[in-house]
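*Asks:* Each chain, written out:
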Amino acid sequence: MSDFWILNMFFVVLLFLIGLFCLLAMKNLIKLLIGIELLSKGILLALIATGFEKNTILTSQSLAISFIVVEVSVLATAMALIINLYRHTKSLDVKNISNLKG
Amino acid sequence: MHTFLLLGLVSCSILAVFSSDLLKAAISLAGASIFLAMLFFEMGATYAGVFEISVVAGLITVLFIATISLTTKEEETKHSKRLRLLFPLILIGLILIDFLFMRQYLGGLAPLAGPAETGEFGQIFWGGRTFDLVAQIAIILSGVFCVLALFRKRSGDE
Chain A
0 MSDFWILNMF
10 FVVLLFLIGL
20 FCLLAMKNLI
30 KLLIGIELLS
40 KGILLALIAT
50 GFEKNTILTS
60 QSLAISFIVV
70 EVSVLATAMA
80 LIINLYRHTK
90 SLDVKNISNL
100 KG
Chain B
0 MHTFLLLGLV
10 SCSILAVFSS
20 DLLKAAISLA
30 GASIFLAMLF
40 FEMGATYAGV
50 FEISVVAGLI
60 TVLFIATISL
70 TTKEEETKHS
80 KRLRLLFPLI
90 LIGLILIDFL
100 FMRQYLGGLA
110 PLAGPAETGE
120 FGQIFWGGRT
130 FDLVAQIAII
140 LSGVFCVLAL
150 FRKRSGDE
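Here the protein sequences come in this chain order: A and B.
42 is the number that numbering that gives the first Met the number 0 gives to position 43 of the first sequence; each next residue is one higher, with no gaps.
70 is the number that numbering that gives the first Met the number 0 gives to position 71 of the second sequence; each next residue is one higher, with no gaps.
Isolated chain A, as found in the complex (with noise of 0.2 Å):
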């Protein structure tokens, strides 16, 4: 393994906990989302760092940009639903949505 992909790995699995971290821990709606975003952000460098590691640049591109629209079309779905339940209950806190909570 060559230094140049450990040291991309390194910051792959830092941002990863950094995203994991910001799930776990926030309790604002667009921050979640944000959390999201990085664990995404992740795992597009690992797909581009392992893609230039293996001489498959073309590929890990092409995997990249379909992973880029899957991500856009969840965070429109996630940012319409959270202004819907904005309205409901003008609040982002996820505490205070636990109407279907059982």
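None of these hints come from the bench; they were simulated from the model.
Values in this document were obtained by computation on a predicted structure and should not be read as measured data.
Please note that a few of the clues may not be correct.
To be verified - For each label pair, taking beta carbons as the anchor points, the in silico distance ranges come out as:
1. A:K94 x B:R102: 36 to 46 Å
2. A:N83 x B:L105: 40 to 50 Å
3. B:V49 x A:L6: 21 to 31 Å
4. A:I96 x B:R102: 38 to 48 Å
5. A:V93 x B:I139: 39 to 49 Å
Even for Gly, the Cβ is constructed at its ideal location relative to N, Cα and C.
Please arrange chain B on chain A, whose structure you already have, making use of the hints.
*Replies:* Relative to chain A, chain B alone:
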């Protein structure tokens, strides 16, 4: 240069997580996207870099700002003091764990480098991954229908 870009990416990400103003958090996230796109350019992934800048740093930031302006009324997200004090310690712990174990585990893997890919990006994207493109179209359409369904006016509202 590469390490500087990686450090910029992580710093912008930490700013995005810990900024008390949501608008500043969204802009920091766009900054992180720009750093990531520059990393892509540096590694030769130009098409992915262009997508990252135009779609993630552009479109998603606009979506974030639109959502923030539609939902919050200049209210700030207050983080607990304990979280603010705890985060640097957790981050240092994570970096230490990452630094101590990463090389040990990844160093044992077989080398990844193989023969270089031949052909153009277009051939691989349109020819080799046609099924992905069909799936992408389906995902985009499902996203559009979800948003339409969520913003549909009820008959009672009119």
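*Asks:* Could you run down the list of hints and mark each one as holding or not?
*Replies:* Status of the hints after comparison with the structure:
no., hint, in the structure
1, A:K94 x B:R102: 36 to 46 Å, "41 Å, holds"
2, A:N83 x B:L105: 40 to 50 Å, "43 Å, holds"
3, B:V49 x A:L6: 21 to 31 Å, "24 Å, holds"
4, A:I96 x B:R102: 38 to 48 Å, "42 Å, holds"
5, A:V93 x B:I139: 39 to 49 Å, "28 Å, violated"
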